[in-house]
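Protein chains: 2
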Amino acid sequence: MRTMAVIGTGLIGTSVALAVSRRGVTVHLADRDPAAARTAAALGAGVTDAPAEPVDLAVIAVPPSQVGAVLAEAQQRGLAETYTDVASVKAGPERAALSRAPDPHRYIGGHPLAGRERSGPLAARADLFRGRNWVLTPSRLTAADAFDRALELVALCEAVPVVMRSQDHDAAVAVTSHVPHLMASLMAARLREGPADLPSLAGQGLRDATRIAGGDSRLWGDILQANAPAIAGVLKDLHTDLSRLVPALDALARPGGGSGRDRGMRTLVDLLDRGISGLAEIPDTRPGAARGGPRVRVAVADRPGELARLLAAAAEAGVAADDAGVESVSPAGDPAVPGFVVRFTVPPRTADRLVAVLDAGGWDVVREREEDRDPTEELDRDLDLDRDLDGVLLADTVRSGRRPQ
Amino acid sequence: MRTMAVIGTGLIGTSVALAVSRRGVTVHLADRDPAAARTAAALGAGVTDAPAEPVDLAVIAVPPSQVGAVLAEAQQRGLAETYTDVASVKAGPERAALSRAPDPHRYIGGHPLAGRERSGPLAARADLFRGRNWVLTPSRLTAADAFDRALELVALCEAVPVVMRSQDHDAAVAVTSHVPHLMASLMAARLREGPADLPSLAGQGLRDATRIAGGDSRLWGDILQANAPAIAGVLKDLHTDLSRLVPALDALARPGGGSGRDRGMRTLVDLLDRGISGLAEIPDTRPGAARGGPRVRVAVADRPGELARLLAAAAEAGVAADDAGVESVSPAGDPAVPGFVVRFTVPPRTADRLVAVLDAGGWDVVREREEDRDPTEELDRDLDLDRDLDGVLLADTVRSGRRPQ
Chain A
1 MRTMAVIGTG
11 LIGTSVALAV
21 SRRGVTVHLA
31 DRDPAAARTA
41 AALGAGVTDA
51 PAEPVDLAVI
61 AVPPSQVGAV
71 LAEAQQRGLA
81 ETYTDVASVK
91 AGPERAALSR
101 APDPHRYIGG
111 HPLAGRERSG
121 PLAARADLFR
131 GRNWVLTPSR
141 LTAADAFDRA
151 LELVALCEAV
161 PVVMRSQDHD
171 AAVAVTSHVP
181 HLMASLMAAR
191 LREGPADLPS
201 LAGQGLRDAT
211 RIAGGDSRLW
221 GDILQANAPA
231 IAGVLKDLHT
241 DLSRLVPALD
251 ALARPGGGSG
261 RDRGMRTLVD
271 LLDRGISGLA
281 EIPDTRPGAA
291 RGGPRVRVAV
301 ADRPGELARL
311 LAAAAEAGVA
321 ADDAGVESVS
331 PAGDPAVPGF
341 VVRFTVPPRT
351 ADRLVAVLDA
361 GGWDVVRERE
371 EDRDPTEELD
381 RDLDLDRDLD
391 GVLLADTVRS
401 GRRPQ
Chain B
1 MRTMAVIGTG
11 LIGTSVALAV
21 SRRGVTVHLA
31 DRDPAAARTA
41 AALGAGVTDA
51 PAEPVDLAVI
61 AVPPSQVGAV
71 LAEAQQRGLA
81 ETYTDVASVK
91 AGPERAALSR
101 APDPHRYIGG
111 HPLAGRERSG
121 PLAARADLFR
131 GRNWVLTPSR
141 LTAADAFDRA
151 LELVALCEAV
161 PVVMRSQDHD
171 AAVAVTSHVP
181 HLMASLMAAR
191 LREGPADLPS
201 LAGQGLRDAT
211 RIAGGDSRLW
221 GDILQANAPA
231 IAGVLKDLHT
241 DLSRLVPALD
251 ALARPGGGSG
261 RDRGMRTLVD
271 LLDRGISGLA
281 EIPDTRPGAA
291 RGGPRVRVAV
301 ADRPGELARL
311 LAAAAEAGVA
321 ADDAGVESVS
331 PAGDPAVPGF
341 VVRFTVPPRT
351 ADRLVAVLDA
361 GGWDVVRERE
371 EDRDPTEELD
381 RDLDLDRDLD
391 GVLLADTVRS
401 GRRPQ
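The listed protein sequences correspond, in order, to chains A and B. Residues 1 to 405 (this note's numbering) make up the first sequence, in order. Residues 1 to 405 (this note's numbering) make up the second sequence, in order.
There could be a bad hint or two in this list.
[Unchecked claim] Covered by chain A, according to a simulated footprint, are these stretches of chain B (three or more residues, beta-carbon under 8 Å):
hint, segment
1, 52-59
2, 123-137
3, 174-185
4, 223-233
5, 236-246
6, 302-309
7, 345-359
[Unchecked claim] Restraint-style ranges between C-beta atoms, simulated for each label pair:
hint, chain 1, residue 1, chain 2, residue 2, range
8, B, Gly362, A, Glu193, 51 to 57 Å
9, B, Glu368, A, Pro34, 26 to 32 Å
10, A, Ala356, B, Leu98, 55 to 61 Å
Please keep in mind that the hints were generated in silico from the structure rather than gathered at the bench. Cβ atoms here follow ideal geometry from the backbone N, Cα and C, with glycine treated the same way.
Sequences and hints are given; from them, build the entire structure.
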């Protein structure tokens, strides 16, 4: 790929342009607002003049409802050999391409799973897509070379291609993105009607749970409308869920209670458990979540401040306490010799560094080999570790959700 | 305050103990699991032996339903002069104190708005409460010295005391914490029923929106049950909201549509707007949200890569592109001299550093005086700045939610 066009130089379009420009591709930038295209160019994302001949690939980075029209217009003037888009809804743009575009064979839908809290070209980053999934939705007409160009684009952006049907994509984003957005909006709307003291009680959990409600309402209206049938289905299910949950809470609210109260509690705990098990469906990409990484074990004496001294030493090696767990209180299996074994689960190179630092500090440290590990055993230990000594934490914050049912 | 007891050495209890130990207070640690108390002691949080005489203040850091029993038992054996707790529900513990505790005058409810993703003593931090709100809920019987001791505790933990009635607290947390948790559970539960491709489409937005569902289900059952009446009320309102939203989506899903479709879109956009305005109720504590800070303006020529060069220079001064906005495309007011003015809104000392670094780098930089600023003008500019060039970003991520209606 030598040349590309990007139509729409917002965050995503400009980030794509920055990523491929770095790899030597000449990028022609366009936006309905010429100042936005110039801003992207001033960031080094490409040039604002039109290409003299058709580019290899045009990336259409505009809202879902406009993809079809922009594609048709670009194909009419022969902007590119092949076309893709980056809209977060895929069936509608595909239908528009099949029905309206002069050459639907040369189009393939795309949706990179990346973004930032800020929009606009100034928020763009060349590495925005690194390691992120990038869904490609070939239609029944998509030609092999359009598919290949899109795959090349994904590779240039260092993203991971995921191929699926546009309808499957839309059914999935209804659950993963659109309905969570609407529910966040419903909850955030309630904040205006709460007690005056309410802002004093807003913690990080609320901030996280509602933040997605902050998008531009017209743009989100456009996105949600484009996926209305799938969203309506999920909302109906949630409505039914709530119809069951409200009586459970009512029963728990009743003084005395009895069997209704027990049933209410079972309904409630069952829902919470289903939620926890649903969280397991979300791939965890937190840096600290290197569950499969090597383990480093350190024996620690049962003396005041000794664990704090170990955690400080680990911090020197760049390892946070979040990666640590206390594994046992009697390492020698002898209750007469109290102490702790602290386990750090970290990526391999971090483990090397950690062992070196702790070894130099005189700690009793062992690096466990991968093959020695029994996953079941680890799960059991984690469970023991994670049991809640404090009820209070969880009211304000969250858990990693790894707890099995 | 010279001596304290902490009952329940989980994350919160141990963090309290670490914070006050640092200030020279002797802390006696206890937990139903002796190993947890020993872990806290080994972290330097205090000692595990019982106090020889009543301590100045006992902090009860156990789940809400157990506060009353633990308080009564501790008062019976004369553990402390005064008592507080840290449970996230306050009316129930207060009722239990008034009805069951030997001396309800010496108890005041408390709820620090702090937590971490991990629980247990090893996740504790001495600075967990720094700058966080700590709600205190004096009952009609709470004596002045109990109130004073609790205020002293909050000060030692460097938190901010917020005084409210226990019932108001519980009504507010139903909206800010409990219902968001239940909605996150409902959404997370749906993830198990979605298409097989679903995990490929899980982005940061979903992760944030559902993370609070990850708490221990029995403990959360305990918390939610303790606040069931308030929660039931909010859930009923949400149920009604959904009853209106589903037909709107159904109308948008119908091909053709007409006036029903327009009405559906209005309902949808109205909800999204109400959500956005509700977000404004949440105090924003992001470091980058220093909207009131000084502004630094830099003139930038309209040349490829020039903005990128400026952002790199700002990064040297520790200022991220997130704090920057392009303010104008014609700084001289003359369209014949194209260029940009970039505005950085940063805390005062950062502004000093930024000006020094950019000045040394030869940039045309001006630090604006606070009194020169017109807030209305700034809002307009922000709006212009934030307009969405890309529809795609918002499908996967979020906005700061500052946009006015």
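Query raised in the report: Which hint numbers does the structure go against, in order from smallest to largest?
Result: Per hint list: 1 and 7 violated.
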